[in-house]
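Residue numbers (numbering that gives the first Met the number 0), protein chains in the order written: chain S, 0 to 288; chain D, 0 to 327; chain Z, 0 to 327.
Hints in this document: simulated from the structure, not taken from any laboratory.
As the structure is a computational prediction, the values presented were derived from the model and not from experiment.
Every residue gets a Cβ at the ideal spot worked out from N, C-alpha and C, and that includes glycine.
Some hints here could point you the wrong way.
Heads up, incomplete: computed chain D residues facing chain S, CB under 8 Å, no partners named [unchecked claim]:
| # | residue |
| --- | --- |
| 1 | LEU14 |
| 2 | VAL22 |
| 3 | PHE25 |
| 4 | LEU26 |
| 5 | TYR143 |
| 6 | PHE148 |
| 7 | LEU154 |
| 8 | ILE156 |
| 9 | GLY159 |
| 10 | TRP162 |
| 11 | GLY257 |
| 12 | SER261 |
| 13 | THR268 |
| 14 | PHE280 |
| 15 | LEU292 |
| 16 | ILE294 |
Output of the computed footprint for chain D on chain S, the stretches with three or more beta carbons under 8 Å from beta carbons of chain D [unchecked claim]:
| # | region |
| --- | --- |
| 17 | 29-38 |
| 18 | 66-78 |
| 19 | 131-138 |
| 20 | 223-231 |
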Amino acid sequence: MSDSRSPEVPSPLREAWAAFLRNRAGVFGLAIIAALIFLALFGPLIYPVDPFEIVAAPLTPPAENARVPFGSDYLGRDILSGIVHGARVTLFVGGAAAAMTVVIGVLVGAAAGYWGGRTDRFLMRMTEFFQVLPALLFAMALVTLLSPSIPIIATAIGVVSWPAMARLTRAEFLRIKSQNYVTAARSSGAGDLYLITRVILPNAAAPLIVSTALVVGMAILFEAGLSFLGLGDANVMSWGLIIGSNRDYVIDAWWTVTIPGLAIFFTVLGLSLIGDGLNDALNPNLRER
Amino acid sequence: MQLLANLGGRLLSALVLIGCVIVFNFLLINIAPGDPATVIAGEMGGASQEVLAQIRAAYGLDQPMLVRLGTYVMRIATGDLGYSYYYNDPVADLILSRLGPTLLLLTTGLGIAILLGVWLGVLSALRPNSPFSHLVTVFSLIGYSAPVFWTGLLLIILFGSAWPIFPIGGIRDVTQSGGPLFHVFDVAHHLVLPALTLGAVYTAQYARLCRASMLEVLKSDYVRTARAKGLRTRVIVGKHALRNAILPVVTIIGLQIGQMLSGAVLVETVFNWPGLGTLAFESVLRRDYPTLLGILVCSTVLVVVVNMLTELAYRLIDPRIRAAGGAG
Amino acid sequence: MQDPVLKVDGLSVTFRSSLAILDDVSLEVRRGQTLGIVGESGCGKSMTALAIMRLMPSAALKVSGGDIRLNGENLLALDEEAMRAIRGSRAAMIFQDPMTSLNPLFTVGNQVGESIRKNRQIDRAEARQITVDLLKAVGLPDPERHLDYYPHQLSGGKRQRVMIAMAIAGNPDVLIADEPTTALDVTVQAQIFQVLRDMQAASGTAIVLITHDMGAISEMADRVAVMYAGRVVEEGPADEILAAPRHPYTRGLVSCIPRVSDEAFDGWPELPVIPGTVPDLDKRGAGCHFAPRCPLADDRCAARRPPVLQDGERRCACWYGMAGGPAA
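When you get a sec, could you build the whole thing from the sequences and use the hints?
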C-alpha cells in the first residue's frame, strides 16, 4: 500500500504530547499542578506570613479581617499562610514518596518479570508481604517508633506503596517479554541489561507513567492522613495538620477544614486528571468510542 | 477436589505470611531507639523500675535475640498479644472489644461500595455518552481525589448543623436505653455517616472500574453471540455481560482491603467510632506500643483473610482459574 | 419454484450518512440451499450478514434503502422487540472465532439451553435432553458429559459445533455462517462443513455461507454471490461460476486458485494476482468500483455504474460480462 504522507514522521514522544494537549481535562490538571509548583516555590516569598504566628483572633471567618483573608484557626493563625506554606510539604512528600515507590517498584517488578523462576517467586512473596501490611497502621507504627520527621514520613509512605507498582511492572514485563521483537533483539546478541532498559522498559513505560501520576496523588493523600492524625512533623505546617488540629471546631468554623481540604482535593484531582490524560494519549487503542 | 487442595495451599501461604508479619513486628519493637523494655512499657514517663524489671523477665530481654524472637512468636501463637500498660488490660482483650465496630464499618462500607459502585458503573456503560455517564465519571474523580477524612468532616458540617438527621459521632446514644431492637436501630443510625464516608471513596473507584470493564465486555464476541441468539437485553447485560465485567472488581477488592482498613482508621477517628482505628490512634497518642503493634498484627491477619476470601470468590466465578489450579 | 426463504433486495447501508458500505445489494436463498457470499476483506460480506440480522455494530451505520424479506416478512420494518424474537429462532448466525464467541464463564449446557428455552416454556430437564440431542446432531461425542464442560475445555472444532448447535436449536429458516472455519485447522474445516451439510439435509435450513475462501465455496455452495467494494458483481450457480466466471473480478479470483493441471501451469511461472487494492470507502467513484484494477475497463466503466445483466440463472454487473474468454 502506497503511503503518500511526507517522510517527516513525528517522534512518538511528540505525538503523545500532542495527544495529551488535546485532552482538555488533562491540560486542566496540568495547570493545577503547575499552579501548585509555583505556589510551593514562590508562595512563601510572595506571602511571607509565618503560618505558626498568631495574627488574629481565633476562629475568625474568612473575608472579615484583612490580615487573615481565609480566616484564622483555633489559635488565631492565618489559614492562607498555612495553605501557601503547606504546598511545599505536599510537593516534597508527594514527590519523594512517589520517587521511592517508582524506583523500588519498577526494580522489583522488572527483576521478577524478566528473570522469572525463583527470583520471581521470592520477590512476589516480598511484594505480597508489604501489600498485606495495612499501610496507614504500619506508617503510624513506624512514625511513632522512630520520629515524625518529613524524611521518615516520606520513607514510610514509599515503603507501603511500592507493591502495586511492582505488580504492574511485572505484569508488563511478562507481557512484553514474549513479544517477537524482544526475541529478535535477544537473538541479535543483546544482553540482559540492554534488553531490560532499552527494549522492554520503553514499551512498558506507558502504563507505568500513568500509574506514577496516580501514585503521587496517593502519596499526598497518605501524608495528609498522617498529619491529620497528628503524626506529621509538628514543626511544619501541612494541609492535613490544619484540618486535624481544627477538627473539634469544625461545625462552627467550617473554613478551617473546608479550605485546606479543597487544596488537597484540587491537587489530587489535578494529578488524577493528568493521569487520565496520559492514559488517553499513550494508549489510544483503549480509548472509548 | 481441586478447589480444596488449592484452599489448603493458600491457607499455608497465609500462615507463613502472618508468621512473617509477627517476626516483622518483633523487629519493629527492636529498632526503636532506646531500651526495648521502655518501648514495651510504653513511654508513660517513668515506668517504675519494678515494672521494667518485670517486663525484662517476662519478655526475656536479657536473652539472646533468637530466643526472644521464639518467645515472642510463641506468645502470639497462644493469643497473648502483650499487655497494655495504659489501659491495664491484655491487648488481646482490648482488640477483641473493638473489633466488632470496625468489622461492621468495613462490611457496610464495602457493601455500599460494591452495590452502588457496580450499579452506577453498569448503568453508565450502557449509556456511554449520556449526561448520567458523565456525572458518574465526575463523581468518580471527586470521590477518588477527596481525602476521606475531609469528606467525613464535610458530612459532619452538613449533618451537624444544617440537617441534623444523622448522629455525627459515636456508635450509640448513651442517653437512651431500650430493648435489643432499639439497640440495633441505634447503631444503624449511627453507622450511616461513617459508612457513607468510607463507602464513597470506593464507590467512586468501583464505578469507574466497572464502567470500563463493562464497556470492554459489551464489545466482546460472546455478547455479540448473545445478541445473535435473540436474548433479552436484560439477560444479555445481567447474565452474560455482568459476570464477566465484575471479575476485575473482585480482584481489586482483595488488593485494596489494606487501603480500606487505613481509610477505616481515619473515618473512625473523625466520627469517634469505637473501633480498632480509634484504638490505634489513641495508642499512638499514649505511646502504647504493645497495643499499636498488636493491632498491626491483627489487622494484617484480617487483610490476609479477606484476600483469601476474594480469591475464593474469583475462583467460584471464573472456571478457567479453577482448572488452572495453580498459584495466583 | 417456491419463493426464496431469504430475499435481500437493493440493500444499501451507509456510514455516517455519507459513505456507502453496501450499495444496492440483492441476493436470495431458497429452502435447503446454500448461498455462498465471497469476496476480499472489506467487500461488505460480513456487513450484509449483520444487516440481515440487524446486528450492526454502530449507530452510525444505517440502512439507507432496500428490503430484507424473511419468508415474505420485511425485517427492516420490524421493531427491535419483534426482531429479537426472530433472532435465534427463525434466523440464526454463527461467527468466525469460536474461542471468543462463547461466554467463558458458563457451561456448554447452560449456553445451548438458553437458545432452546428462548421464547419457549420448557423446563430445565427437558431442555437438557434436547441439548444432548442437539450436541449429538452436530457430532459431539459423549454429549452428556459435554453439558458440564466450559468453553475453554473444548477444542476449536468442538466449540464451533456447540455454536452450530446453539444456532439450530430454534429450528431456523436461515442460518448465516460468517467465516465459520477461518479460525480452524483445515482438517477440522471439512468436518464442520459436513456437520452443516448433514444439518441442512435433515431440516432443509437455508444457509448463507460467508467466506473469502473459494475452496469453501466449491465444497458447500449451491449458488454464489461475489462481492466487491460493497456491491454484488456476479451471482449464480456455484459450479457454473467457478468453471466459467464472467466478471473480470471473479475471473481474477478464480484464476488465483492454485490448480494442479498441465494447462494451468503452461506459461504461468507464478500465481496470478489481481493488481492494486480495494479502494477506500471515500475513494469509490461513481462508476464501476473495480475499474481501476480491471484489464477490460474503459471510460464508460469509470463514468457510470454498469448494469446488472441477467442470463438465465446468472447475473453479472459488467458491460463486458457476457463476453467469453479468459482475462488478460
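Margin query: Checking hints one by one. Is PHE280 (chain D) an interface residue toward chain S, by the C-beta closer than 8 Å rule?
Written below: 6 Å, holds
- Query: Can PHE25 (chain D) be said to touch chain S, with a Cβ gap under 8 Å?
  - Reply: Hint violated; PHE25 (chain D) Cβ to chain S Cβ min 12 Å, cut 8 Å.
Check: With 8 Å as the cut and Cβ atoms as the points, is PHE148 (chain D) at the interface with chain S?
Finding: Status holds, d = 5 Å.
- Message: Verify this for me: three or more residues of the region 29-38 of chain S with a beta carbon less than 8 Å from a beta carbon of chain D.
- Response: violated (count 0)
Exercise. How about LEU26 (chain D): closest beta carbon in chain S under 8 Å, or not?
Worked result: 11 Å, violated
Query raised in the report: Once the shortest beta carbon distance from GLY257 (chain D) to chain S is found, is it less than 8 Å?
Result: 5 Å, holds
Open item on the list: Checking hints one by one. Is ILE156 (chain D) an interface residue toward chain S, by the C-beta closer than 8 Å rule?
Closed with: OK, holds: ILE156 (chain D) within 8 Å of chain S, min 5 Å.
Would the hint on GLY159 (chain D) stand, with a C-beta cut-off of 8 Å toward chain S? 5 Å, holds
### Task
Report holds or violated for chain D covering the region 223-231 of chain S, Cβ cut-off 8 Å, minimum 3 residues.
holds (count 6)
Hint validation: TYR143 (chain D) versus chain S, beta carbon distance must be below 8 Å. Holds or violated? Since the shortest Cβ distance to chain S is 6 Å, the answer is holds.
Point to revise | Evaluation of the interface hint that places VAL22 (chain D) against chain S, nearest CB under 8 Å | key: 10 Å, violated
Check your understanding: For the hint on LEU154 (chain D), does the least C-beta distance to chain S fall short of 8 Å?
Key -> 10 Å, violated
Hints 1, 2, 3, 4, 7, 10, 17 and 18, counting from the list given before, are not met by this structure.
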